[in-house]
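Enquirer: So the sequence lines, in the order shown, correspond to chains A and B.
The numbering of the first sequence is our numbering, which starts it at 1 and goes up by one.
The numbering of the second sequence is our numbering, which starts it at 1 and goes up by one.
None of these hints come from the bench; they were simulated from the model.
Values in this document were obtained by computation on a predicted structure and should not be read as measured data.
C-beta: ideal position from N, C-alpha, C; glycine also.
Only true hints are included.
Far from chain A by the CB rule (all over 10 Å, computed), these chain B residues:
| # | residue |
| --- | --- |
| 1 | F39 |
| 2 | S82 |
| 3 | H202 |
| 4 | L214 |
| 5 | A264 |
| 6 | G319 |
Derived list of chain B stretches under chain A, where covered just means 3 residues or more per stretch with a C-beta under 8 Å from a C-beta of chain A:
| # | region |
| --- | --- |
| 7 | 8 to 19 |
| 8 | 27 to 35 |
| 9 | 56 to 64 |
| 10 | 246 to 260 |
| 11 | 269 to 282 |
| 12 | 286 to 292 |
| 13 | 341 to 350 |
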Amino acid sequence: MAASPTPASPRSWLDLLIDALALAAAALLVLLTALILVDVGTRYLRIFTLPWSLEASEYMLYAITFLGAPWVLREEAHIAIELVVERLAPRRRQLVGRLTDALGAVVCALLFYYACKVLWRSYEAQTMVHKSFVFPEWYVFVIVPPVMLLLCAIYLRRIARPAGARATAAAGDGA
Amino acid sequence: MAWYEVLALLLGMLLVFMALGMPVVFAFFAANLVGAFVFMGGDKGVVQLVRNAVDSVQSFALLPIPLFIFMGEVMFYTGVASRAIDAVDKLIARLPGRLSLVAITGGTIFSSLSGSTIANTAMLGSTLLPEMYRRGYHSSVSVGPIVAVGGLAMLIPPSALAVLLGSVARIPISELLVASIIPALIMATLFFGYVILRCWRHPELAPPYDVASLSWRERLMPFVKYVLPLMSIFVVVVGSIIGGVATPTESAALGAAAALGAAAAYRRLTWASFVISVNQTLRFTVMTLFIICGSVTFSQILAFTQASNGLSELVTGAGLSPLMVLIGMLGILLFLGCFMDQVSMMMITAPLFMPVAEQFGLDIVWFGVLMLMCLEISLATPPFGLLLFVAKGASPETSMRQIIESVTPFIAIALGVVALLIAVPDLTLILPRMIAP
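Chain B with its partners taken away, still in its complex shape:
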């Protein structure tokens, strides 16, 4: 069988099983069972599949995933994160679209403490959306920024999905984690500027209201008390990676301990909040890692049947420029993101894209960040974007159409940032270059 027939058969089976609503992990297992049996020597191939599934998650590189998720869940369920949002709320006084700006600032801060985009969006939605609607905010400046900034947790370390991408695509995880910081901050700044501009030109979108008159001390103290100590956790996590003092796993462990310590120091750590944090961490960890078990043989079959190489050579021989190839790969990711989840997208595309990226001499850290950006944008692209559903859950009275319309300008901004990063790779690569050897 020619490599492209193998590729079409495997991808076809996978997509059909997924489209039927089968959990993606079992869709991968099903396609791989057939693929391993047919292309890897019958029984021998399937035995290898089982061995691969067992070996795949016995990996030191994956250890930060549960720890990063745990950090976010602790912050969320102990209420420490919402206190930080309250503190930001007091700090931002009379700017147009005030609550939207609180959402963007708070979401960016929480992203630096959490590896979970869902926890981020749910926290912002439950904390700020009711107040936004009470104040007459239009969905375009309420749901829109919350969904947009919710996804930043995927870019700003600690990011569980960045660890996963680094692991499956063999990109140095430390470099990938820190490389995403500047792009994420650029994006948050542009979201911030867009909201101010939009609300300044159309004040009816976010009707101004009287904010309690507070002294500078009253405004600053909650920030100093509830936000700055949390920011120090981010500094420890990222600083220890950049300084070469800690591996991502070690920094994640420090972060998890610091999150628990902060919750305890604020007297918010209860047995109930600890249990639910562990419960949620377990749920997300298992569903993410079990997909790796199910899908790891996929890349092996592609390599074994020369499908990865065949595709790579086909693209290389097509006379395309590296830029065109890059845009093509990112375009495929954005397309897949309309109806597929992030983990499946990574597991399908990484084994196909990484050889192509290397053939064309693309910096793999830079390419990894661009992939992460597209995966992050996919969280908000209709019809399947996960965060659209999280926002819908937090605000049932808002129609899906309104949510999608409100998110669209933010997706456009994020795509603009992707273009900027393609044009100026140094924006991505400056921090990884600083990592001490």
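Pulled out of the complex, with its shape left as it was, chain A reads as follows:
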């Protein structure tokens, strides 16, 4: 597993933005744990119930995943299988690294485009979510385009990085 923190230095606005999103994800993680605990505790002690807590927890889990994704990519902690690549000669490894970074950038750019499309269609259709909370559906999608754009920017920055600065990342399961 890759776990080598290799943020660019000096810290750019991009890094600050990634850090801010990760901090928000961490805060949501703590809040999520606290919310489930309070919900379970108060329900069993018959003090009060929080009927919206389940739905709120689901949204929080989603937000944590997307807000934290750029940070995990920057830290090169996303799981990758380096079995083949690490057997290549250094120059070829560099080349393959740039190729996969370019592919990653294209994938994220496409996802950005389609996420904007989903967001716009939902906004236009004025679709509403009717569960514990009632709100326009596009609120849910609003997080995706900027995250995909950030992921794309991280990949582009990696491509622009001078040869040799690429951190070697191993692979893993994380749990």
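Once you've looked at the hints, dock chain B against the given chain A.
Expert: Just chain B now, kept in the frame of chain A:
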């Protein structure tokens, strides 16, 4: 396009992207972008992919994952787990391979408090390996048991990956969590017995040394003080599931609170340890759940193009017995495990295997546990087994070859347990049957 061409195209793209070293989540996204565009109606298919990614992690079933990981990280970073190991160390006195037995017992205990195999292995490696090497232990009874028992965190609840498997394979999560307990305990017991036998026959592998002479009280009290209260957390987590009192999410919340409470009670909870626990939990949660976002459309494309059904019908029509099919599927998992991570393996195989398992009338909880066992074994199979690298990190002076050799007998034992569970399904199913409706 015939279903097998679709399957070959999707799997081929996925494996090529992964082999190039692309993060698996983006390899899934890339293959699915092509698959959704080609097979699910162009733009419409990709729009659906984005919607799927967003919906996939808004799931109550996945909520225990961060909580289970958080439990383990708190135990690890507050040092509560290593104190428990010290207590076990005092309890086990003069058995052959003493420190190896401490590793197995401590690792099993920590597995019952942690949902992270990495935290388990890293904790045992950093706590016990230096002492083992100082005492002249051979790698076969030092690194081997640590890697082997490290993976038990994946089986014994709280297990984050069991929750994930239950969620993607639609296996009742409560039943899957408790069903893994007996197989894991059998495995730990066999590891324990193997080490005693090996060190008894070859004392040079673990040279005996003088252990400080302690009274029974001095030996027992640390166990009572530092281990038994932690075991009560396990009892609360598992007991609340079996008793039907709590859902896995609720029991995970109780476990997380209890882990924080225990760390605070032992006066080990600091702001720094809390922050690093949250940091590590966030890292593992995001990398696991983001793979679900990336891969969820994979199973949908397979279903939409009839590839899942086609494969299922092909296997059904091949005249194979359920046992042969089962062994085939487990064999594929073990093979994939040599070079792929556990989450990707689940996301690729679950949509293909579950319809086959159901067609052949296999109990899905039993099958889920067997899948988990194979995934757990894969953590230690060369060349990619994750825990091999964690052990290497904890013990840089040990060569990878030595690590692999030392783990091999334990993999053989684990495979033996898989065979036992196939022969006697009740060993797996007895606990889930006890869950109150």
